[in-house]
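Asks: Chains as they are written, first to last, in the working numbering: chain B, 1 to 239; chain L, 1 to 353.
Rather than coming from a laboratory, the hints here were simulated on the basis of the structure. A quick note: this is a predicted structure, and the numbers were derived from the prediction, not measured. Worth double-checking, as some hints may not be accurate.
[Unchecked claim] Quick list of simulated restraints, FRET-style, between CB atoms:
#	chain 1	residue 1	chain 2	residue 2	range
1	L	Leu321	B	Glu67	33 to 41 Å
2	B	Asp231	L	Lys298	40 to 48 Å
3	L	Glu113	B	Gln197	36 to 44 Å
4	B	Glu67	L	Lys231	31 to 39 Å
[Claimed, not checked] Calculated lysine-lysine pairs in the BS3-like style (CA-CA distance at most 27 Å, straight line):
#	chain 1	residue 1	chain 2	residue 2
5	L	Lys155	B	Lys159
6	B	Lys226	L	Lys144
7	B	Lys226	B	Lys38
8	B	Lys192	L	Lys155
From the three backbone atoms N, C-alpha and C, an ideal C-beta is built for every residue, glycine too.
What follows is each chain in one-letter form.
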Amino acid sequence: MKTDKVVAGDRALFLNFANRISPQINRKVHLLASFIKKGEGILEIVPTYRSLCIYYDPLRLRLRDLETRLCQIEDELGEVRKTPPPARILEIPVVYGGEYGPDLGFVANSCGLPEEEVVQIHSGRDYLIYMCGFSPGFSYLGGLDERIAAPRLKTPRVKVPAGSVGIAEGQTGIYPLESAGGWRLIGRTPLKLFDPQKDPPIPFLPGEYFRFVPIPEEEYQKTLEKVRRGDYRIVIHDS
Amino acid sequence: MIADEASFPVFEVVEPGVLTSIQDLGRFGYQKYGVPVSGPMDDFSLKVANLLVGNDSNAAALEITGLGPKLKVLSDTVVSLSGADFNATLDEKPFQGWRSLRVQKGSIIRIREARRGFRGYLAVTGGIEVPKVLGSRSTYLTGKFGGLDGRSLGKGDIINSSYPGTSPGRMPLRFLPEECVPVFSSRVEVSVIMGPQDDCFTGEGIKTFLNSRYVVSLDSDRTAYRLTGPKIAHHRKADIITDAIPQGAIQVPGDGQPIVMMADRPATGGYAKIACVIAPDISRIAQLKPEDGLRFRKIGIDAAHKLLRDKEAEFTRIKSLLEAQARVLARKRYRVRVEDEVYQVVVEEIPAD
Chain B
1 MKTDKVVAGD
11 RALFLNFANR
21 ISPQINRKVH
31 LLASFIKKGE
41 GILEIVPTYR
51 SLCIYYDPLR
61 LRLRDLETRL
71 CQIEDELGEV
81 RKTPPPARIL
91 EIPVVYGGEY
101 GPDLGFVANS
111 CGLPEEEVVQ
121 IHSGRDYLIY
131 MCGFSPGFSY
141 LGGLDERIAA
151 PRLKTPRVKV
161 PAGSVGIAEG
171 QTGIYPLESA
181 GGWRLIGRTP
191 LKLFDPQKDP
201 PIPFLPGEYF
211 RFVPIPEEEY
221 QKTLEKVRRG
231 DYRIVIHDS
Chain L
1 MIADEASFPV
11 FEVVEPGVLT
21 SIQDLGRFGY
31 QKYGVPVSGP
41 MDDFSLKVAN
51 LLVGNDSNAA
61 ALEITGLGPK
71 LKVLSDTVVS
81 LSGADFNATL
91 DEKPFQGWRS
101 LRVQKGSIIR
111 IREARRGFRG
121 YLAVTGGIEV
131 PKVLGSRSTY
141 LTGKFGGLDG
151 RSLGKGDIIN
161 SSYPGTSPGR
171 MPLRFLPEEC
181 VPVFSSRVEV
191 SVIMGPQDDC
201 FTGEGIKTFL
211 NSRYVVSLDS
221 DRTAYRLTGP
231 KIAHHRKADI
241 ITDAIPQGAI
251 QVPGDGQPIV
261 MMADRPATGG
271 YAKIACVIAP
281 DISRIAQLKP
291 EDGLRFRKIG
301 IDAAHKLLRD
311 KEAEFTRIKS
321 LLEAQARVLA
331 RKRYRVRVED
341 EVYQVVVEEI
351 PAD
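Given the sequences, and given the hints that come with them, work out the whole structure.
Replies: See the structure below:
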């Protein structure tokens with residue numbers, strides 16, 4: 001395992017893998033991240049699609065020493081050829097369409113498919129969680145079926161409710177907090193995917209998978225109640 | 001907010017100012033979950049404000065922007081104001097910055113419009129008390145968490161402080177010596193380290209970036225300083241595969257106008273980063289207001305790390321200086337005449353070692 005090491009200012013070092021988005025490359029990113037320990041001058045490790053950002057304190061850890069330490073870890077990983085543990089699949093219940101997914105009709109129209117088929121396609125596969133970022137708890141998901149890709153709104157909505165599931169070009173994702181946003185909203189989940197009062201604040205990890213499961217509106221309300229009371233358990237499968 | 005055993009009310013917000021929020025040094029360790037660091041825009045000023053009132057440098061204080069608040073003091077305590085010069089007053093008398101002073105219940109602190117600089121910090125002995133969220137008291141305005149319910153101060157808010165180790169009446173007062181007080185200018189040159197994606201730009205684009213003056217735009221905020229000026233040319237496109245955004249990173253989107261990423265920046269982003277501002281210069285950007293000017297100067301990583309060590313040594317010196325002031329038991333001033341020359345003499349009594 002070898003990466004390009006690129007300085008990003010005086011307190012960050014990027015470890016870059018090949019410059020493309022692929023599950024194989026991303027798996028290497030998370031594997032390498034799991035072998036780098038915080039402490040002794042390493043402050044934070046942020047994995048993204050194809051790179052790792054290491055935030056360090058140059059007053060405690062010299063850049064040269066950091067690079068040496070990282071090269072050693074990469075060499076050891078290269079020899080052992082570690083296979084990562086099987087990733088978990090988390091079920092995300094979603095009410096599609098109606099007031100929960102006001103753009104489902106638009107997406108169906110623009111793709112030339114009936115709404116039910118858009119739902120079937122969207123919920124018919126598992127999505128790799130490549131990384132978090134952009135906003136708290138926002139997950140970048142891979143693998144949307146091209147048949148249901150749809151353009152963004154020309155003017156973003158001022159208020160998108162928390163839990164909204166959207167499509168933008170070839171991407172799909174969930175808004176974990178109420179925010180502004182320009183994605184086409186096709187449904188909403190009652191799950192709380194970001195809670196700053198919990199540590200860790202998200203119930204999933206990058207490298208795991210989401211599986212969207214269509215539910216009727218009544219179940220949305222029931223699940224929402226359970227989530228509020230704190231006694232909802234996310235259904236988890238092994239891949 | 002209701003006072004509990006660990007804290008007591010110190011201020012009532014009479015007028016909140018333009019944007020006053022609670023900040024400690026920031027929320028670290030959660031960027032992998034997409035949680036921004038937040039914390040002070042000008043970390044040097046926050047740290048010194050805290051040291052002046054005997055706090056740990058990471059204690060929470062009020063960050064003041066442009067036009068400050070009017071506060072009614074609810075308990076006798078010790079406060080300090082650092083950062084920009086706000087023409088502040090305590091009961092209509094000048095409230096000098098960069099030193100601690102005792103304030104009495106019922107007094108009014110008015111922090112007016114910033115004259116030099118743009119941001120200030122009001123610290124109170126014991127530190128401002130709000131519940132920690134993910135390990136920090138810093139306010140993240142966009143995410144609506146941290147600080148005072150995730151928002152900026154509003155009229156009528158009550159601000160609490162923790163109980164200080166020393167009672168405010170006996171707390172020794174401190175001041176930052178004149179030569180250590182930063183001088184804020186409306187035109188600054190900051191040092192940058194090129195990359196991590198300077199290869200996305202043409203040679204001409206990089207020349208433009210390093211040789212032009214950029215102006216701070218009105219829509220700058222705690223997330224980013226947006227700049228306007230000569231357009232920086234990309235090779236082909238401005239987008240990269242989304243990766244992490246360090247503090248001080250300079251993103252250049254397709255319009256060629258640079259954006260310096262600050263305290264509330266998102267953890268990741270998809271625009272090419274031409275360069276990153278070095279840590280000690282971020283405070284200087286934080287003190288710029290809209291219409292102020294900015295230039296970039298390229299330095300190498302080794303030079304940057306040397307500057308960082310120098311800056312840290314300077315801060316350690318300030319810290320021990322302020323600690324030494326706290327050891328002064330008594331101070332007397334004399335006028336001494338020696339052969340027709342008059343001298344001001346200050347005699348300080350310090351504990352015997």
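Asks: State the violated hints by number, sorted upward, taking the hints as numbered earlier in the document.
Replies: Of the numbered hints given earlier, those the structure breaks are 2, 7 and 8, listed in rising order.
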